[in-house]
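As you go down the protein sequences, you meet chains A and B in turn.
For the first sequence, numbering that gives the first Met the number 0 assigns the number 0 to the initial residue and increments by one for each residue that follows.
For the second sequence, numbering that gives the first Met the number 0 assigns the number 0 to the initial residue and increments by one for each residue that follows.
I should point out that these hints are in silico values taken from the structure, not numbers from a laboratory.
Heads up, a few of these hints could be off.
Listed next, the stretches of chain B that the computed footprint assigns to chain A, with coverage defined by at least 3 CB atoms under 8 Å from CB atoms of chain A [claimed, not checked]:
{"#": "1", "segment": "108-114"}
{"#": "2", "segment": "346-357"}
In silico contact screen, one side only, chain B against chain A (beta carbon under 7 Å); selected entries [what the hints assert, rightly or not]:
{"#": "3", "residue": "Asp-145"}
{"#": "4", "residue": "His-147"}
{"#": "5", "residue": "Lys-214"}
{"#": "6", "residue": "Asp-224"}
{"#": "7", "residue": "Pro-228"}
{"#": "8", "residue": "Trp-277"}
{"#": "9", "residue": "Trp-290"}
{"#": "10", "residue": "Ala-292"}
{"#": "11", "residue": "Ala-397"}
{"#": "12", "residue": "Gly-398"}
{"#": "13", "residue": "Ser-428"}
{"#": "14", "residue": "Arg-429"}
By construction, the Cβ of each residue, glycine as well, lies at the ideal position given by its N, Cα and C atoms.
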Amino acid sequence: MAHLSFKINGKTRSFDVEPDCPLLYVLRDNAGLNNPRFGCGLGQCGACTVLVNQTPVRSCTLPASRAAGKEIMTLEGLGTPEHPHPLQAAFLEEQTFQCGYCLNGWVMAAKALLDKHPHPSDEEIRGAFEGLVCRCGSHVQIAAAVKRAAEMRRA
Amino acid sequence: MASSTSRRDFLTIGSGLLIGFSLSDSATAPQLMAADTAPNPSPARLDAWLRIGVDDHVRVFTGKVDIGMGVQTALMQIVAEELDVPVSRIELIMGDTAATPDQGGVGGSTSISAGGKPLRNAAAAARHALLQLASNKLGAPAAQLDVHDGIVSVRGDASQKISYGALVEGHELGEALRVSGNGFSLNVEGSAKPKDPSTYTVVGKSVPRVDLPPKLFGRAIYSTDVRVPGMLHGRVIRPAGAGSTLAGVDDRAAKKIPGYVKTVTKGNFVGVVAENEWSAIRAAGAVKVNWSAPAAAFPDDLYRHMRSAKPKASRQLNNQGDAAAALSRASKKIEASYEWPFQAHATMGPGCAVADFHADGVTTVWTGAQKPHALQKGLAQMLGLADDRVHVIWVEAAGSYGRAGDEDVAADAALLSQAVGKPVRVQWSRADMTAWGGKGPAAIVDLSAALNQDGSIAAIDMSSRAFSGTEIIPQATTAGNMLAGQLIGMPNTTAGDEYVQWGGSTYPYTIRNLRCTGHVLAALYSESSPMRATHLRDPNGPAGTFASESFMDELAAEARVDPI
């Protein structure tokens, strides 16, 4: 057992956890956050994506010890209904997603993309979404929402 | 969040039809309730379907659930339309066996067409009752009243008005509803007729999905997110193969893992319980289990097995004209065979459930299963409890259709909670889901066509051999229908010969000379099998559709025409 500290959505949080415990379970079970989500536990679907020091990572395969001391952002830290992040507003306007279980991964990956490339090309969008899975087939609306969010930030 | 007391009061409130409530008492948040029994509400009461709060909010109760298709928004539109209230003022409670009528859960794409009917009629009855109240209050005949946004006003005198919330305050309204049908066909009717569809202003319009904002702001609760006080985490360890029996368990290594609580064995069911999820995962990996050899190996060549196996049921599904004669004299004959494998559901999220077992009192199970009222019966049988001692609360899960695994994981959680006497959450791994979740049935479809000189189709002969898509019955009403039930020795209650019973394995086009024959094959393994076949998306359909549409492409290519 190790005492590890993280900066989660701007707040410092410390937990006694096994160092090899994937960050996913620390965020869900210790920090009580519902996003990231468990989809495969193998780094193959992206539902568990969080930003660690602004970089999207699969939290289901990242040992907690390797995220200790770093800045972690989850969907909960992105925006609120009162002050939505442009991505949240854009995804709502596009009415993207059906069941929404995979939503976390797409939104967090898109956040990292737009921070790096405020006006991404189709190719850059596809590249950022590599390794993300949606079983409902919302891909076209997802890409449209990212473009809309980029436009909103330009405006 | 409400206390358990207010939740209980809310659920057991008296016989009135329209009852005020406080929104602070949120029935949508998963929570424990302290009650002795949790019976299904009778659909014959208006307040089983709809309640109006003194704060003007409308609470609607439906046995339907939403497995990703967005029906919750559409059902709310139906009620909003009849009551003349905004969609935003409606709160929908779905799939709670103690709070919502049994509408058979969801299936067959009938949630709006059939499932919306009793909601529409109940809302119409409520509107009628509210207008009677308003008529008394405002001193004007009901026919002279208008409703807009839940405010009743006298036509021609807008100052004469009163809200629905003010009308229901202190009132119990006594209209009973006539009940017909059950399950998917359950309907209720009051004395009032619903609106003429030509006057609709909400139904038929596109409104934003109500579930999306909470999902996008990270506030939606899925079945994976249910946490109850004192909850432990469980994992299951499955047999080495179908028919393997438990020969021994060595949990010495697991016991050394921090947070380990218990290894649970019952018959051939093996699971571990730990204080947190990571400990449960590690403990499940550390338990050494000896299994007897599987009952029978998987066929080396599945399709050869399917062709040689003697069908357990066969049926001539179509026989129009004389396909055999037309084929024998055809100038051109095309033949093709389509082989369709077993397929895993592979939902985005593997099954997850929380169960809180109580030998005396009510056992509560939170699940994403798409037929909660059926699951209530199956779990009660498995646990040896009366139906009304089991309370199943549906909580949204990753999109699915069919028996992907949500019922099975609920049974796992219930058994583990029973064994440790504490609430247990079981999250299936991806491997659990792929290996042991229900499978779409494998099928072979053989097609022959006789073509006329001009390329038009003279005859089709279609013959299919398939496992039944209802090896696992769609309704989880019996314990032996679930994996955990079978593993503890409950008799397997596999069901129908779907492939011939439902007639889905017929050719989808009108052909003058058409013969379709269906054969159902016996399940590969009778007990606790990883190959239990169930609906995967469309009941009975994907294999036949894949074959007949692919074949149409072949025929079109032969005739040199566009298949579309």
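Here is how each hint holds up against the structure:
1. 108-114: Answer violated; 0 residues pass the 8 Å Cβ test.
2. 346-357: holds (count 5)
3. Asp-145: Where the cut-off is 7 Å and the nearest Cβ of chain A is about 32 Å from B:Asp-145, the hint is violated.
4. His-147: Cβ of B:His-147 sits 26 Å from chain A, so the hint is violated.
5. Lys-214: holds (4 Å)
6. Asp-224: At about 4 Å, which falls below the 7 Å cut-off, the nearest Cβ of chain A leaves the hint on B:Asp-224 intact, so it holds.
7. Pro-228: B:Pro-228 check fails; min Cβ-Cβ to chain A is 13 Å, beyond 7 Å.
8. Trp-277: With a minimum Cβ separation of about 4 Å from chain A (threshold 7 Å), the hint on B:Trp-277 holds.
9. Trp-290: Interface hint status for B:Trp-290: violated (23 Å vs cutoff 7 Å).
10. Ala-292: Nearest chain A Cβ about 29 Å off; hint violated.
11. Ala-397: This hint holds: B:Ala-397 lies near chain A, its Cβ roughly 4 Å from the closest one there, short of 7 Å.
12. Gly-398: holds (3 Å)
13. Ser-428: holds (6 Å)
14. Arg-429: Constraint on B:Arg-429 satisfied, holds at 4 Å.
The earlier numbered hints that this structure contradicts are 1, 3, 4, 7, 9, 10.
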